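These two chains come separately, so use the hints to put the complex back together.
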Amino acid sequence: MEAKIKQIIADVMEVPVESVQDSSSPDTIPSWDSLKHMNLILALEQQLEITFSEEQIAEMMSVELIVLTVKELL
Amino acid sequence: MSSSSLSFSAISRHVQAHEKEMPTQLRLAILRNIMLEPLATYLRYEALSLDCQAQVTLGDYDTVLQEAVAGAPTVYDQQTHAILIVLYLEGLSWDLARNFASLSEQAVENEINRLLDLCHTIVQGIRSKTAAMILWHGFLPSPYPALGIFDSQSHAGQSRMLHRLNTAICDVVRAVPNSFFVDMGHCLARVGSRHFFDHRFWHMNRAPFTLEAYAEMAREVSKFVRASLGKNKKCLVLDCDNTLWGGIIGEDGMAGIKLGTTSPGSAYREFQQQILELYSRGVILALCSKNNEDDVWDVLQNHPGSLLKRQHFAAWRINWQDKVANIRELAVELNIGLDSMVFVDDSAFEVEMVRRELPVVTVLQQAKEQLFQARFNLLACGLFDTLTLSQEDRTRGSMYTAEAERKRLMQATTDLHSYFKSLAMQVEIAFTDQSTMARVAQLTQKTNQFNLTTRRYSEADISQFVAGSAADVLHVRLLDRFGDSGIIGVCILRYQQQEAYLDTFLLSCRALGRGVEEVLLRHALHLAKRQGVRRVVGEYYATAKNSQVQTFYGKQGFTLDLAPDSPATHRYFFPLEEQTIPADPDTFTAIISPLRG
Chain A
1 MEAKIKQIIA
11 DVMEVPVESV
21 QDSSSPDTIP
31 SWDSLKHMNL
41 ILALEQQLEI
51 TFSEEQIAEM
61 MSVELIVLTV
71 KELL
Chain B
1 MSSSSLSFSA
11 ISRHVQAHEK
21 EMPTQLRLAI
31 LRNIMLEPLA
41 TYLRYEALSL
51 DCQAQVTLGD
61 YDTVLQEAVA
71 GAPTVYDQQT
81 HAILIVLYLE
91 GLSWDLARNF
101 ASLSEQAVEN
111 EINRLLDLCH
121 TIVQGIRSKT
131 AAMILWHGFL
141 PSPYPALGIF
151 DSQSHAGQSR
161 MLHRLNTAIC
171 DVVRAVPNSF
181 FVDMGHCLAR
191 VGSRHFFDHR
201 FWHMNRAPFT
211 LEAYAEMARE
221 VSKFVRASLG
231 KNKKCLVLDC
241 DNTLWGGIIG
251 EDGMAGIKLG
261 TTSPGSAYRE
271 FQQQILELYS
281 RGVILALCSK
291 NNEDDVWDVL
301 QNHPGSLLKR
311 QHFAAWRINW
321 QDKVANIREL
331 AVELNIGLDS
341 MVFVDDSAFE
351 VEMVRRELPV
361 VTVLQQAKEQ
371 LFQARFNLLA
381 CGLFDTLTLS
391 QEDRTRGSMY
401 TAEAERKRLM
411 QATTDLHSYF
421 KSLAMQVEIA
431 FTDQSTMARV
441 AQLTQKTNQF
451 NLTTRRYSEA
461 DISQFVAGSA
471 ADVLHVRLLD
481 RFGDSGIIGV
491 CILRYQQQEA
501 YLDTFLLSCR
511 ALGRGVEEVL
521 LRHALHLAKR
531 QGVRRVVGEY
541 YATAKNSQVQ
551 TFYGKQGFTL
561 DLAPDSPATH
571 RYFFPLEEQT
581 IPADPDTFTA
591 IISPLRG
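Same order as they appear, the protein sequences are chains A and B. Residues 1 to 74 in our numbering are what the first sequence spells out, letter by letter. Residues 1 to 597 in our numbering are what the second sequence spells out, letter by letter.
To be clear, the hints were calculated from the coordinates, so they are not data collected in a lab. Bear in mind that the values here come from a model prediction, so they are computed numbers and not experimental data. We treat Cβ as the ideally placed atom computed from N, Cα and C, and that holds for glycine. A hint or two may mislead.
[As the list claims (entries may be wrong)] Here chain A is said to cover these stretches of chain B; the calculated rule only asks that three of the stretch's residues, wherever they fall, bring their Cβ under 8 Å from a Cβ of chain A:
| hint | segment |
| --- | --- |
| 1 | 192–201 |
| 2 | 205–217 |
[Stated by the list, open to error] 20 Å max Cα-Cα, derived EDC-like pairs, lysine to aspartate or glutamate:
| hint | chain 1 | residue 1 | chain 2 | residue 2 |
| --- | --- | --- | --- | --- |
| 3 | A | LYS36 | B | GLU212 |
| 4 | B | LYS20 | A | GLU14 |
| 5 | A | LYS36 | B | ASP62 |
| 6 | B | LYS529 | B | ASP503 |
| 7 | A | LYS36 | B | GLU37 |
| 8 | A | LYS36 | B | ASP60 |
Just chain B, same shape as in the assembly (with noise of 0.2 Å):
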């Protein structure tokens, strides 16, 4: 349920209900130079959606330099798992807050320098104590600006002066790792001025917002909460009738629906429109629908009205079985776990039914009577949000419609091998460096099958590894002739003395199944006995979800450890001295490597 809907009280009765069942504990804290406390509670309630126990920390009032620079091990430490940091312009900088009219523009440079250098300060203070993932909170625009209407005109006036801080001081954040800016504007506009500032609590306690600011904030915070855990959702299973367009095309055909630019068939344009928005970020989408499949692909491909076509779906189910069973396969077919998908239907019977049998695929309901909120629904869940957008997100609809393309060619190939060889595969293997570090960082927090170790890593971890020289970071590209894959596989080799431990080894759910993991493994075997350690040692962590690996370093010709310190651990070990690094499989047309042999 949507916090927005739910008084304080009943969010703080349901937290505490709820929060001890939760399976994680997340830490956060919170630096501030305001009161803010039922932020607190709002986050404890918004950490429920996301499986986990929020223990929320506060540091003290208007102590965040102190707290940044020598530490606050009461408020955070390494095990925490973000910081906010919440600064009111008022107690920072008087002047630019509210006697701005009076100030030279050489004395607002001034200000705008000294908070860019506390800024600074505050992050890298916190960095240098912390991994933890830390939330800048933009400073909030003005509704009245300090010169009324005038403001606006000038380059002099205090809009553009707090747009321009806070485009300077979000700089000043993202070049710090595992940093981001939380756009308070954002939040404050979706509220409204009115209903965001209490201003009796701003004097008796120093506490200026209200508890609909408060539950906004919690909501942004959450969004990069769920990214930084990889709980984003990742695909969009979209209903038809009454969902991607009004009416029931088996009834109402081609000229009955409703689907266009007038309404209400322009609320449909532009969900699907909406749709698109999410397809062009990286979100898979595919249809699940009781429908003749022909009169589906009609619609899109022939409807006037309608943006969506069918090779913007990776994947479909349009029948009359079960949605439940449909969704199943789906998933499986996608390789993507159901907890990464999103349901839309209009049905209250397939949204209960979902719901009940599937708990885990979040489902949107398209009430009828809330069709025109469809697209703004959509717009503002921040389920499918991510903290990063890589060229491999931007094109990861074509890259489903060629494996699509790939899956035909194979059930027309008659043996497995002849298939790979006619793909013209190829694999280019690289040391990871500046360029490709986002994308390894994602792949490490995103992958959950074929994960040996599931560590998930920030680009600042991954900067670590490739700056140090106890470690080295490979990464792995696919091509084949229908398009390029981009980057799929990671492996991370940490050298102790004479071994080479396998911290990460993982492939992209997307390019399973092709001895792309194969030539990634011998590839770092060639490495580690450049580097000359004796052995390489591979262990197996087990998760809910990566079952498929847990025989993986077996068949690679990897010896099991039978006396591992730990009787969980599944341990391998590949002794270079004693034994052969297997030859590349033959099925790629190039391997390009700066490995080789």
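So here's chain A without its partners, still in its complex pose (with noise of 0.2 Å):
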């Protein structure tokens, strides 16, 4: 799962998949904004089947925090 969230968010950001670590957030990939983080929501929820709530979307700043969230829904 953790490989499989980091591959979505890989893609999103358009960054190599290897520059993805768990402590990875808005502050060490630059082309993480709040619109790139909209759209990694979409695209997890999407790929997922999951829906986040408003709370959980705003707290997500980070790959630990995500892939932690992911695993609660799942």
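If you want it as structure tokens, here you go:
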């Protein structure tokens, strides 16, 4: 699951998948702005067939937190 | 692959991996009053199927008017191919969108008029800065209109208001050259409102749409871009057994094949009806099947369920040869490129073979388990869509039938000269005007083979040539005893000091080899002489498709310029003061021209 999430993040941020670490966040990936964050949420929801709440969307601001949130929903 | 079957992240990965390989750059701009960033990724994806790498730039949030009126060089400029304008009604008129029930009729009228003025200002503003195609996205119809079930009963309902507003905006947009109305209502209807809107991100980011919505919008836009690039398909090549009817005629016989008004034969009949719809829009039909030829004609002419008849087909290869060779031959016979053909077959073997050997041919597989989808797939593909529908398009089918009759006559006649004589050909040369501009622009966009410079022009460009004094636009029409071929050739002369430059010289493939090009060129020379210039200059620019005209100017008495500006250019001139313009060929029964002698 972690690998799948990292691949989706790499695809949406248009960066190599190797550069996506657990600690990666909008602070370390320059293309990860608020719009790309929305694209990422939409892509995760589409591919994993889940829906995030508004609160979760606002909190999922690192790879680690995204993985945690997805695991909660699955 | 269709974007509906791929996830956003897969599409994004696919685009990043492949767009660098694409030969052509395509610049697109989006002006908007909402957030719709994922649309850019879907547009880049759709561009791949047009062999293009799209660079999509977005205007700032809700600054459309400023960007249109004052310009926005970082968003769009003269190199931009198309500008998408996506305005969400909520952002433009909260009253019409959300506060509708409380409005007076007068207030509604005032708002509509304000929006029409705004639309006019935006479209005119953009047009004054660039000739790029403008794609105005219409306002979305409301799935739950303001007045509930009463809404549609009333003239004063929101549904009718939105329809009226869109119609009026479409008129404003269409009055500006190279500008088109994208019907967002179609996109919404295809996807369905439950899957089109994301209410969370509307509130959080002013981003009202889902990924599915963006995918559908991008598909719709790509149809406009395809047509504007002249990459729309022109010919539908059809298999017979299990494609035009169910079963195998050679085995099942007339009584056994499925074709009629009851299922499953009705699926084939409706598929045939959809093919006829395309035929009436100017798509050329051809058959490529492994059958006994007589069996096929027997079904088409005598089976009560068959809507398609022999006369609808411009060419056919009904034999036991391989289909790759047959499709190649059809392209030569019809004088069209393989890349403008779509091939439909049910056999995985044939489909794979054509895909592998002729990758430029678009192949639609008629999978048996998807039988009931066949009509819909053809309807939805948009591959044949055009930006205009001229009289020539509507009657193209019968023109090809006439062409086939000409060929039969040619085979029965011993020499070419007496054959031409027997055709009783008439040509009419005329200056292009308002009524003929659309067809002339269409010819510049679609003609690939007999085209010396392959310059693509919009109706707006042609209109500028016609209105100005620096250029003349001539076109030629051809008629013979088998019918009217319509406008089939164009010549654009541009005047520069003592020279007339042949900016464009082209002939539709359906009129090749009959001497029409000689007549048109000679009358263009007469025109240049009348305009008082010393010489006429013509150039040949090589493309992948126009090698047949490489020596055209040389054969017409032009002299090769041995010291051209660039060694890649083939530049020729015709000195009007020293050289006599040759007489018209004697194979025409009549030549009508304002430029005689």
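Going through the hints against the structure:
| no. | hint | result |
| --- | --- | --- |
| 1 | 192–201 | holds (count 3) |
| 2 | 205–217 | holds (count 4) |
| 3 | LYS36/A with GLU212/B | 17 Å, holds |
| 4 | LYS20/B with GLU14/A | 14 Å, holds |
| 5 | LYS36/A with ASP62/B | 19 Å, holds |
| 6 | LYS529/B with ASP503/B | 17 Å, holds |
| 7 | LYS36/A with GLU37/B | 8 Å, holds |
| 8 | LYS36/A with ASP60/B | 16 Å, holds |
In terms of the numbered hints stated before, the structure departs from none.
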